[in-house]
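Engineer: Listed below are the residues making up each chain.
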Amino acid sequence: MSFARALLHPAAKPVLFVLCLLPFAWLFYGALANQLGANPAEYLIRSTGDWTLRFLCITLAVTPLRVMAGLPPLARFRRMLGLFVYFYVVLHLLSYSWFDMGFDVADIAKDIAKRPFILVGFAGFVLLTPLAATSFNRAVKAMGAKRWQALHKLVYVIAGLGILHFFWMRSGKNDFAEVAIYAVILAVLLGWRLQQFLRKRKGAQGSSFSLRS
Amino acid sequence: LKSTRSTAAGAVTMEKITDYKDASTYNNFYEFGTDKSDPAKNAHTLKTTPWTVEVDGMVKKPGKYGIEDLLKLSAQEERIYRLRCVEGWSMVVPWVGYPVSKLVEKVEPLGSAKYVEFITQADPKTMPYVGSRVLDWPYVEALRLDEAMHPLALLTFGMYGEVLPNQNGAPVRLVVPWKYGFKSGKSIVRIRFTDKEPKTAWNKAAANEYGFYSNVNPEVDHPRWSQATERRIGEDGLFAKKRKTLMFNGYEAQVGQLYAGMDLKKNY
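In the order they appear, the protein sequences are chains A and B.
Here the first sequence is numbered in UniProt numbering, starting from 1 and rising by one per residue.
Here the second sequence is numbered in UniProt numbering, starting from 65 and rising by one per residue.
Check each hint, because a few of them may be wrong.
Claimed, not checked - Quick list of in silico lysine to aspartate or glutamate cross-link-like pairs, DMTMM-like style, CA-CA up to 25 Å:
hint: 1; chain 1: B; residue 1: Lys-111; chain 2: B; residue 2: Glu-226
hint: 2; chain 1: B; residue 1: Lys-178; chain 2: B; residue 2: Glu-142
hint: 3; chain 1: B; residue 1: Lys-306; chain 2: B; residue 2: Glu-273
hint: 4; chain 1: B; residue 1: Lys-329; chain 2: B; residue 2: Glu-226
hint: 5; chain 1: B; residue 1: Lys-268; chain 2: B; residue 2: Glu-118
hint: 6; chain 1: B; residue 1: Lys-124; chain 2: B; residue 2: Glu-142
hint: 7; chain 1: A; residue 1: Lys-110; chain 2: B; residue 2: Asp-86
hint: 8; chain 1: B; residue 1: Lys-306; chain 2: A; residue 2: Asp-100
hint: 9; chain 1: A; residue 1: Lys-110; chain 2: B; residue 2: Asp-133
hint: 10; chain 1: B; residue 1: Lys-305; chain 2: A; residue 2: Glu-178
hint: 11; chain 1: A; residue 1: Lys-114; chain 2: B; residue 2: Glu-273
hint: 12; chain 1: A; residue 1: Lys-153; chain 2: A; residue 2: Asp-104
hint: 13; chain 1: B; residue 1: Lys-100; chain 2: A; residue 2: Glu-178
hint: 14; chain 1: B; residue 1: Lys-308; chain 2: A; residue 2: Glu-178
hint: 15; chain 1: B; residue 1: Lys-105; chain 2: B; residue 2: Asp-86
hint: 16; chain 1: A; residue 1: Lys-173; chain 2: B; residue 2: Asp-99
hint: 17; chain 1: B; residue 1: Lys-66; chain 2: B; residue 2: Glu-141
hint: 18; chain 1: B; residue 1: Lys-305; chain 2: A; residue 2: Asp-111
hint: 19; chain 1: A; residue 1: Lys-173; chain 2: B; residue 2: Glu-273
hint: 20; chain 1: B; residue 1: Lys-80; chain 2: A; residue 2: Asp-175
hint: 21; chain 1: B; residue 1: Lys-170; chain 2: B; residue 2: Asp-200
hint: 22; chain 1: B; residue 1: Lys-111; chain 2: B; residue 2: Asp-99
Stated by the list, open to error - To give an idea of the interface, some chain B residues facing chain A are shown, with a C-beta separation under 8 Å as derived from the structure:
hint: 23; residue: Gly-195
hint: 24; residue: Val-198
hint: 25; residue: Asp-200
hint: 26; residue: Trp-201
hint: 27; residue: Arg-295
hint: 28; residue: Leu-302
For the record, the hints were derived by calculation from the structure and aren't laboratory data.
All residues carry an ideal CB built from backbone N, CA and C; glycine is no exception.
Isolated chain A, as found in the complex (with noise of 0.2 Å):
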């Protein structure tokens, strides 16, 4: 069976969905059996930061890997494993207002003002939220496909957020090796995007001296 074939398989979505839960569940078991070191609080915190930021990588990979390899099919899962960045930075945000701020919602709302890290941080998450509230079928209906794109276009903007909270967060220690990773990483992917968009504009001015139309 092709590799194209088997992203048509009924059980590829579930396998997924397993999969892109295991960091959850590794985490949800550390922390019951102690096993995220002398400080599973920020073991925790970091952890699900870490995940939240590889599934923004991996969903913004789909498009420009479906295009590149010719694999269609890979646009299945994009919707899912864009809910998957929602979900991780979810646990994000309740780890962080958990286990660092003990619920108490004035010091999350003080540490969110005091601190330009959290705050962009957490504008990350305020934006991502509208994308994963209208990520099924009917929303995109609703909205029409237009406004629905132009919507999930905030997706770039969330990106640079994320890699900026990771950075100022990483200062601290001028320690930027991961980050430049992450960073490289978004760059290619967003800058692949401005190429294709800059060559359908040349081609769109192109196209109309052009004789085939």
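Using the hints provided, position chain B relative to the given structure of chain A.
Structural biologist: Showing chain B alone in chain A's frame:
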């Protein structure tokens, strides 16, 4: 490492001692990596024998001390201190050592000496992350002379009754319990007396975030986070609310007078 329990005021807290495993695997020692688990993984390369500590600068009796001689310079005491990291976590650690003042008295600082600088090992051959751009190497910390003379400032050789594990700053480190942990330099190779406030590692890296004094102070927040509370490692469960941080890490009665009249918001 043999010792007798210290009788100095504030030297032995009755709080629950942090597990040795946590105290020896959750460390900041950037010469061995910036992740907390890195030092325990990487510090085995540190060579702690032979080891000498050079004492120089404004002293009548400068000299080089072999670690064997330094160990015997004064009676080893056990001290159970709270340790508060600037990052917002804390531990309770039984250290073994003797007051820095014992060494200071031996080398007889000149009247003009006002500060003591602690310069730590920076050997790229045995410390894989020396050379990374995180900090200026070597890692340098310093105290005012009267702070260094305080009976709680400990020149430390062991913990939990044993010699220090490499990742905790073997063979000799500083422990200043009323200041954030980073003030307590690890693997010290030189102690210099001077009349000018030394440039310390974190202060050079981010002066607005890390002052020279860096006394534990719940009322002066780090620019990027609150210092009002802390999480006690291994004790405060995942769902427990963080505990309140105490002024001077709970050593106010002992060290408060060192800072009488100083504006601690400015001199953070």
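Engineer: Look at each hint and say if it fits the structure.
Structural biologist: Hint check:
1. B/Lys-111 <-> B/Glu-226: The hint holds at about 17 Å.
2. B/Lys-178 <-> B/Glu-142: At roughly 28 Å apart (the allowed maximum being 25 Å), B/Glu-142 and B/Lys-178 break the hint.
3. B/Lys-306 <-> B/Glu-273: Holds. B/Lys-306 to B/Glu-273 sits at ~22 Å (cutoff 25 Å).
4. B/Lys-329 <-> B/Glu-226: violated (38 Å)
5. B/Lys-268 <-> B/Glu-118: holds (23 Å)
6. B/Lys-124 <-> B/Glu-142: Violated, because 30 Å separates the two Cα atoms, which is more than 25 Å.
7. A/Lys-110 <-> B/Asp-86: violated (31 Å)
8. B/Lys-306 <-> A/Asp-100: Given that 25 Å is the threshold and the Cα spacing comes to 8 Å, the pair holds.
9. A/Lys-110 <-> B/Asp-133: violated (53 Å)
10. B/Lys-305 <-> A/Glu-178: Violated, at about 30 Å.
11. A/Lys-114 <-> B/Glu-273: The given pair, whose Cα atoms are some 14 Å apart, holds under the 25 Å limit.
12. A/Lys-153 <-> A/Asp-104: Status violated; Cα separation ~33 Å.
13. B/Lys-100 <-> A/Glu-178: holds (15 Å)
14. B/Lys-308 <-> A/Glu-178: Distance of about 33 Å is beyond 25 Å: violated.
15. B/Lys-105 <-> B/Asp-86: Measuring from Cα to Cα gives roughly 13 Å; hence the hint holds.
16. A/Lys-173 <-> B/Asp-99: holds (10 Å)
17. B/Lys-66 <-> B/Glu-141: Holds, because 8 Å separates the two Cα atoms, which is no more than 25 Å.
18. B/Lys-305 <-> A/Asp-111: holds (16 Å)
19. A/Lys-173 <-> B/Glu-273: Holds - the C-alpha atoms of B/Glu-273 and A/Lys-173 are around 12 Å apart, at most 25 Å.
20. B/Lys-80 <-> A/Asp-175: violated (34 Å)
21. B/Lys-170 <-> B/Asp-200: Violated, at about 30 Å.
22. B/Lys-111 <-> B/Asp-99: holds (21 Å)
23. Gly-195: Since the shortest Cβ distance to chain A is 13 Å, the answer is violated.
24. Val-198: Holds, because the Cβ-Cβ distance from B/Val-198 to chain A comes to roughly 5 Å (cut-off 8 Å).
25. Asp-200: violated (11 Å)
26. Trp-201: violated (13 Å)
27. Arg-295: holds (6 Å)
28. Leu-302: holds (6 Å)
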